[in-house]
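A.B. asks: Okay, here's what each chain looks like letter by letter:
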Amino acid sequence: MTHPFVHLHKVGLTYAGADSGAGTAALEQCTLGVAKGEFVAVVGPSGCGKSSLMKLVTGLVPPSEGSIEVAGREVDGPLKIVGMAFQNPTLLPWRSTLANVMLPLEIVEPHRSRLRSDKAAYVAKAQRLLATVGLTGFDDKPPYQLSGGMQQRASLCRSLIHEPELLMLDEPFGALDAFTREELWAVLQDVWLQQRFTCILVTHDLREAVFLADRVLVMSNRPGRIVSDHTVPLPRPRTLATTFEKDFVDITQRLREEISLVRQGKSPVPVHEVAA
Amino acid sequence: MKWQSLSRTRRVELAMPWLVTLSMVLIWEIAVIAFKVPSFILPGPWEVWQTLVRFHGPIWTHALHTLFTTVVGFAIAVVFGVLLGIAIGSSRLVYNGLYPVLIGFNSVPKVAVVPVLVVWFGIGTVPAVITAFMISFFPIVVNVATGLATVEPELSDVLRSLGAKRRDILMKVGLPRAMPYLFASLKVAITLAFVGSVISETVAANEGIGYLMIQASSRFQIPLVFAGLVVIAALGIVMYVLFALLERRFTGWATRSNQPTTIATGS
Numbered sequence: 098m099t100h101p102f103v104h105l106h107k108v109g110l111t112y113a114g115a116d117s118g119a120g121t122a123a124l125e126q127c128t129l130g131v132a133k134g135e136f137v138a139v140v141g142p143s144g145c146g147k148s149s150l151m152k153l154v155t156g157l158v159p160p161s162e163g164s165i166e167v168a169g170r171e172v173d174g175p176l177k178i179v180g181m182a183f184q185n186p187t188l189l190p191w192r193s194t195l196a197n198v199m200l201p202l203e204i205v206e207p208h209r210s211r212l213r214s215d216k217a218a219y220v221a222k223a224q225r226l227l228a229t230v231g232l233t234g235f236d237d238k239p240p241y242q243l244s245g246g247m248q249q250r251a252s253l254c255r256s257l258i259h260e261p262e263l264l265m266l267d268e269p270f271g272a273l274d275a276f277t278r279e280e281l282w283a284v285l286q287d288v289w290l291q292q293r294f295t296c297i298l299v300t301h302d303l304r305e306a307v308f309l310a311d312r313v314l315v316m317s318n319r320p321g322r323i324v325s326d327h328t329v330p331l332p333r334p335r336t337l338a339t340t341f342e343k344d345f346v347d348i349t350q351r352l353r354e355e356i357s358l359v360r361q362g363k364s365p366v367p368v369h370e371v372a373a
Numbered sequence: 056m057k058w059q060s061l062s063r064t065r066r067v068e069l070a071m072p073w074l075v076t077l078s079m080v081l082i083w084e085i086a087v088i089a090f091k092v093p094s095f096i097l098p099g100p101w102e103v104w105q106t107l108v109r110f111h112g113p114i115w116t117h118a119l120h121t122l123f124t125t126v127v128g129f130a131i132a133v134v135f136g137v138l139l140g141i142a143i144g145s146s147r148l149v150y151n152g153l154y155p156v157l158i159g160f161n162s163v164p165k166v167a168v169v170p171v172l173v174v175w176f177g178i179g180t181v182p183a184v185i186t187a188f189m190i191s192f193f194p195i196v197v198n199v200a201t202g203l204a205t206v207e208p209e210l211s212d213v214l215r216s217l218g219a220k221r222r223d224i225l226m227k228v229g230l231p232r233a234m235p236y237l238f239a240s241l242k243v244a245i246t247l248a249f250v251g252s253v254i255s256e257t258v259a260a261n262e263g264i265g266y267l268m269i270q271a272s273s274r275f276q277i278p279l280v281f282a283g284l285v286v287i288a289a290l291g292i293v294m295y296v297l298f299a300l301l302e303r304r305f306t307g308w309a310t311r312s313n314q315p316t317t318i319a320t321g322s
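Protein chains in written order, with this note's numbering: chain E, 98 to 373; chain P, 56 to 322.
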């Protein structure tokens with residue numbers, strides 16, 4: 098791999114213990130690379146440090162050891178080129194849906210200083226984005242009048258409005274019902290095919306990982322590190338019909354077996370080592 | 056709002072405050088008559104009302120003065136309380152440093168401080184304003200600080216991951232999030248502010264309802280004392296309602312479960 102867009106090199110993260118003594122190691126010797134424009138999913142048993150990985154890449158938490166590079170620069174604080182969406186929609190309840198989506202524009206330069214003068218253009222942009230996820234006509238509604246799935250769509254819009262180069266998704270559909278979740282896979286895929294940002298998706302839903310990603314990385318039990326790396330060769334756009342094809346089912350099945358091995362503390366065989 | 060169009064339960068709900076107040080007044084009057092309580096011990100509501108009407112001129116002047124000192128003290132408490140609440144709520148260091156002092160300060164009976172204030176500022180309006188301020192700022196500080204300290208980490212992570220500065224996070228998430236807490240404290244604080252100013256007026260003043268009551272009781276005009284109490288209670292309720300309305304106007308999103316909402320359908 099040439100110089101990757103996101104590059105973690107032997108990263109370790111240890112949370113300090115409550116008192117003195119050894120802290121909890123969330124990640125250890127974690128090495129991975131993501132190319133520009135690539136969609137990578139990270140899967141693993143629960144509590145393996147997936148969410149820690151998100152916080153490290155976005156610069157919310159500094160690593161205890163190792164180095165993290167994004168876009169050729171060492172990460173030493175929160176990044177401005179990143180959009181994030183979490184399992185909870187985390188919309189601000191006192192703002193309308195549109196105002197929620199436009200929140201990043203009030204923070205990130207150069208939009209921040211232009212927002213006032215180009216208000217109409219930015220509102221139009223936010224409305225277009227809302228339309229692509231099927232939320233036309235909900236601009237003025239407060240988030241609590243939206244269903245869970247609609248809130249998550251709005252949250253997705255918010256993470257994309259400032260055109261981030263890197264989108265970080267932390268189990269974004271984890272709290273939704275199965276139908277809504279599958280619907281939103283397709284929505285996310287459409288947006289990604291249009292805009293081609295780099296995307297890292299953390300999930301424990303293996304079908305979701307295989308449906309959306311170019312590559313699926315498997316993490317080990319805590320302390321987490323990447324133990325295997327699968328390329329998903331399925332053509333795009335993928336549809337729900339794809340999920341019933343043999344190739345899709347095979348990959349999902351192989352991932353499932355690996356994870357159950359990982360959960361017992363064994364190393365999956367064969368190990369595809371990630372090129373550093 | 057049309058009374059006819061309201062549902063039966065809603066009508067009962069709206070009538071409840073009046074019904075309860077009326078029946079309490081009625082019980083009071085009946086008890087006073089039945090047990091032949093002399094008016095210099097406990098006047099009945101009818102007599103209190105007559106006194107109110109008879110002395111409405113001076114009562115009005117004194118009530119306005121009390122309202123003025125209370126509102127001024129309260130306004131200072133809001134400004135000071137919000138600023139201090141922000142400092143305490145957003146910095147662990149300030150929290151650790153100031154909290155014991157604040158608790159200690161709040162435990163001091165304010166009536167004991169009034170004589171000191173009189174020595175410093177003389178008899179009159181200033182001690183009353185300061186007492187109203189001292190007694191009412193504490194709940195504001197605590198609530199604003201709590202509102203800020205309990206912001207969900209995920210909400211601030213959303214902004215932090217965009218490179219937002221502390222000030223941005225405070226303005227966009229912290230303060231709006233703390234608004235329901237602030238308004239809850241304002242409703243408590245305004246009634247406390249009345250307690251403060253009236254306490255000070257009873258100790259050292261030549262104007263205000265507190266002063267009027269002390270004068271009346273020294274002349275055994277107990278009905279007039281009760282008239283003063285009723286006026287203070289009424290002022291307290293009016294101010295409370297004012298802030299409850301403001302609360303509903305500004306933080307409707309936080310109390311949405313009490314109001315009927317139209318839930319949008321769709322996935």
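The set of hints was computed from the structure by calculation and includes no laboratory data.
A hint or two may mislead.
Derived CB-CB ranges, DEER-like [claimed, not checked]:
1. E/R225 - P/G159: 28 to 38 Å
2. P/Y154 - E/H100: 42 to 52 Å
3. E/S148 - P/T310: 30 to 40 Å
4. E/R211 - P/W73: 54 to 64 Å
5. P/R65 - E/L290: 49 to 59 Å
6. P/N151 - E/F341: 29 to 39 Å
7. P/S146 - E/E171: 45 to 55 Å
8. P/T310 - E/R209: 56 to 66 Å
Where is the CB? At the ideal position from N, CA and C, for every residue including glycine.
A.B. asks: Hints first: check each against the structure and report whether it holds.
C.D. replies: Results of checking the hints against the structure:
1. E/R225 - P/G159: 28 to 38 Å: violated, 57 Å
2. P/Y154 - E/H100: 42 to 52 Å: Taking Cβ atoms as reference, P/Y154 and E/H100 lie about 51 Å apart, which means the hint holds.
3. E/S148 - P/T310: 30 to 40 Å: For E/S148 and P/T310 the Cβ distance comes to about 32 Å; the hint holds.
4. E/R211 - P/W73: 54 to 64 Å: Between E/R211 and P/W73, where Cβ atoms are some 55 Å apart, the hint holds.
5. P/R65 - E/L290: 49 to 59 Å: Holds, at about 52 Å.
6. P/N151 - E/F341: 29 to 39 Å: violated, 59 Å
7. P/S146 - E/E171: 45 to 55 Å: violated, 29 Å
8. P/T310 - E/R209: 56 to 66 Å: At 32 Å between Cβs, range violated.
This entry does not satisfy hints 1, 6, 7 and 8, going by the numbered hints stated previously.
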